[in-house]
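Throw the hints in and build the complete structure from the sequences for me.
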Amino acid sequence: VLQGLALGGEYGGAAIYVAEHAPKEKRGFYTSFIQASVAGGFVLSLIVVLSCKLVMSDALWNDWGWRVPFLLSIFLLAISLWMRLKLSESPVFTAMKEAGEMANNPFVESFTYPGNKKRIFVALFGLAAGLTVIWYTAMFSSLAFLKGPMRIESTAAEIIVGASAFFGLIFFIIFGKLSDRIGRKKPVIWGYILTLILLFPLFWMVSSFANPDLQEASKAAPITVSGPSCDFNPFSEEQASDCGKLLASLTAKHVSYNLEPSDELSLAIGGAKEDLSGYSWTDSKARDESLRAALTKAGYPLGTVIPSAFNIVMIVAAVLGLSLLAGMTYGPTAALLSEMFPPSIRYSSMSIPYHFGTGYFGGFLPFIASFIIAKTGAPFSGLWYTWGVVLMALLVTWWGLPNDPEAALDEGK
Numbered sequence: 021v022l023q024g025l026a027l028g029g030e031y032g033g034a035a036i037y038v039a040e041h042a043p044k045e046k047r048g049f050y051t052s053f054i055q056a057s058v059a060g061g062f063v064l065s066l067i068v069v070l071s072c073k074l075v076m077s078d079a080l081w082n083d084w085g086w087r088v089p090f091l092l093s094i095f096l097l098a099i100s101l102w103m104r105l106k107l108s109e110s111p112v113f114t115a116m117k118e119a120g121e122m123a124n125n126p127f128v129e130s131f132t133y134p135g136n137k138k139r140i141f142v143a144l145f146g147l148a149a150g151l152t153v154i155w156y157t158a159m160f161s162s163l164a165f166l167k168g169p170m171r172i173e174s175t176a177a178e179i180i181v182g183a184s185a186f187f188g189l190i191f192f193i194i195f196g197k198l199s200d201r202i203g204r205k206k207p208v209i210w211g212y213i214l215t216l217i218l219l220f221p222l223f224w225m226v227s228s229f230a231n232p233d234l235q236e237a238s239k240a241a242p243i244t245v246s247g248p249s250c251d252f253n254p255f256s257e258e259q260a261s262d263c264g265k266l267l268a269s270l271t272a273k274h275v276s277y278n279l280e281p282s283d284e285l286s287l288a289i290g291g292a293k294e295d296l297s298g299y300s301w302t303d304s305k306a307r308d309e310s311l312r313a314a315l316t317k318a319g320y321p322l323g324t325v326i327p328s329a330f331n332i333v334m335i336v337a338a339v340l341g342l343s344l345l346a347g348m349t350y351g352p353t354a355a356l357l358s359e360m361f362p363p364s365i366r367y368s369s370m371s372i373p374y375h376f377g378t379g380y381f382g383g384f385l386p387f388i389a390s391f392i393i394a395k396t397g398a399p400f401s402g403l404w405y406t407w408g409v410v411l412m413a414l415l416v417t418w419w420g421l422p423n424d425p426e427a428a429l430d431e432g433k
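Heads up, the sequence shown is in this note's numbering, so the first residue is 21 and it goes up one at a time.
Since the hints were derived computationally from the structure, they do not count as laboratory data.
Be careful, since some hints might not be right.
Claimed, not checked - Within a straight-line C-alpha distance of at most 25 Å, the following computed SDA-like cross-link-like pairs (lysine to any residue) qualify:
#1 Lys167 to Val325
#2 Lys137 to Gly420
#3 Lys395 to Thr175
#4 Lys239 to Lys395
#5 Lys293 to Ala240
#6 Lys265 to Ser249
#7 Lys205 to Leu216
What follows is the structure, encoded as structure tokens:
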């Protein structure tokens, strides 16, 4: 709750402050650095984490070392506070204050100002939701995908995604600047369309280069689970049925599987039925050992791997493709959102949809994607959540976002 209160005005305040100071013809370019700083913060966090892991043992890191990055953030807080104390109000705010046009209750007026409910709706479901799931998928889902289903060694995965995020920073600035020339709407619309087309192929590209041996094993020896009462709750520590316990063990190993209904519980690996009589349904560790032995015998590489140099380059290229999509949709957004709302209620009207959109659509992405993967057994199925949200965002943006925002900053509408 405290973090939410602290963060609530951060993005909106920064975006509006820069936008209201920037020349009209460079507003998208200037505000794009705010978006780039979000990705830059992700890169910086990975650098700090990797640096701490470099000087600490795994046991020390797991014990208390993970707290060090949070302690180091105090220095950033001090710098941020010093900068804020040195800043003056924007010219738009100063003029509005002198003219006595301040809103008495900006939150309430955000919902009563003529036409503003539609703007909030479009900003929430058309912009914040779409751009957030794309960026979260590009950075966080790709990292989890490499560490989990692809079994890439943790540090290697963090370096790969960190390098991709670093080189992808330029996309936010490029499309922010481009929006000054062609408008804010076009890059966002095209970013959504390309995401719908390229999302799955880019992750297929990642998987083909991340762990080729695992991909070959999955094709040569596909896993099929069948049985009655195969209800599986991925958020429960204990499953009710034996079939659910088997699915839990497979999910924990990030192994893809097909689920078929039948009257009797069975596990087939590469078409050959596994003898389940020796599996323990009361001891999860013993069951996991039996399953590991069966998978290893079928050729599944269950240890962590580090891809070859060429494969790493190709993975970085694929994640850079995801960063490109994020840059197209996120780069122009600060200027776009700032221009959508009237000055007297701009701060509240912008912060409401942005933080609800990022908090709920983005915040629940890992849980929903993990749930879909666990229920289907397919490692790519979680991407359907991102795909569906982006489709919704495309339709809402296409319908509700004007080519030129109604509340232009320089006109003070």
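Status of each hint after checking the structure:
Between Lys167 and Val325 the CA atoms are separated by roughly 10 Å; this keeps the pair inside 25 Å, and the hint holds. Restraint check: the Cα-Cα separation between Lys137 and Gly420 comes to about 11 Å, which is no more than 25 Å; the hinted pair holds. The suggested pairing of Lys395 with Thr175 is violated, with an alpha-carbon distance near 29 Å, which exceeds 25 Å. The suggested pairing of Lys239 with Lys395 holds, with an alpha-carbon distance near 20 Å, which does not exceed 25 Å.
For the hint pairing Lys293 with Ala240, the CA-to-CA distance comes to about 15 Å; that is within 25 Å, so the pair holds. Proximity of Lys265 to Ser249 is assessed by CA-CA distance (about 11 Å); at most 25 Å being required, the pair is judged to hold. In summary, the hint linking Lys205 to Leu216 is supported, as the alpha carbons are separated by about 17 Å, within the 25 Å threshold.
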